[in-house]
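Visitor: Sequence:
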Amino acid sequence: MKVVHLISSSGVYGAEKMVVGLCEALAQFGVDASLEVFDNQHSRNVDVADFARAVGVPVTLLRCGGRFDPGAVRRLRADLAGADLLHTHGYKANLYGFLATRGSRVRIVATNHRFDTGPHNRLDGPVLRRVDAVFAVSDEARDSLRSEYAIAHALTIPNGVDPRTFQAATPSLDLAHPIVAMVARLAPEKAPRDFLAVAAAVPEAHFAIVGDGPLREELVQQAGPNVTFAGFRDDMPGVYASLDVLVQPSYREGMPMTILEAMASGVAVVATRVGAAADVIEHGRTGLLVDAGDVDGLIAAVRALLDDPQGRAEMGAAASSAVAEAFTVDVMAGRYADQYRRVLSR
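In the numbering used here, the protein residues as written are 29 to 374.
Please note that the accuracy of each hint is not assured.
Here are the in silico distance ranges between beta carbons for each label pair [stated by the list, open to error]:
id: 1; residue 1: Leu183; residue 2: Arg261; range: 48 to 58 Å
id: 2; residue 1: Ala228; residue 2: Ala204; range: 16 to 26 Å
id: 3; residue 1: Arg81; residue 2: Val359; range: 18 to 28 Å
By construction, these hints were calculated from the structure, which means they are not laboratory data.
Positions of the beta carbon are idealized from the N, C-alpha and C atoms, including for glycine.
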């Protein structure tokens, strides 16, 4: 079975990590998976292509210009020669993929990584209702697809990570403990300002912001002396191995790969109840959950973990076991492979 994954990307974030990991893991289930990445001429960013090639995933760049490029549809159709199925990720990939597969033998499925009702995403509904299968990374996103887009057949397949990647890693953040970190794109929906508020309230700990984004300069101006901006890192297992606590303060999420990676590393996690966080974290046992926007709740949760090293270690160990049991990339890939075969058998 030959499957092509299609994505438009602005960097290597959670969705990109999930797609590349899935392409790698599908081989054990008899799926020949490759990745096609939009090469958007107006805003070129093909970092995910380099990320995928580095782990041996075959990559094709799809040249695409302007707001809508009919030529890109034709080029994609040609690239799909010999493929059995196209798996799209994101509204742009969904639209181009749907148009490129119309009238062909290639089947098409789509994964919704985070339900959003923005103007571009509202175009998704008519497209997603006409593809062969739709998957969501969280029950919250699945329920939104069913209620907002009337996609009754939407199914949840949680993301997964490879726990082996995060085991026995050497710490790589050169900061004094305790270390509390946020790993995210620095954009409003990730709530980095809330993270800074927590840092200001817990001056005895070191706080690290791992990632970059449009709010970076503003955040640098606002940050206190106990905050370090670590930028993008290519040594994430070592970063997680350095941490005492990971905080995910987002207002909106799909299924945060950061949470899974930190849990797999045995790090205690504090996260807001958005997206799949509540599907992954058992509050009080494998992590702590607070409501989005509840800065006081975030502060209290971080303090509780820092004040209880033994409880923090036990929570991290339970989190690592939970990921190994239910949220591995192999489990995810097996579920997708089963769904591919179901679609192709119809």
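Visitor: Each hint: holds or not?
Guide: Against the structure, the hints:
1. Leu183 with Arg261: 48 to 58 Å: The hint (48 to 58 Å, Cβ to Cβ) is violated, given that Leu183 and Arg261 are roughly 34 Å apart.
2. Ala228 with Ala204: 16 to 26 Å: 18 Å, holds
3. Arg81 with Val359: 18 to 28 Å: 25 Å, holds
Figure legend: structure checked against the earlier numbered hints; the only hint not met is number 1.
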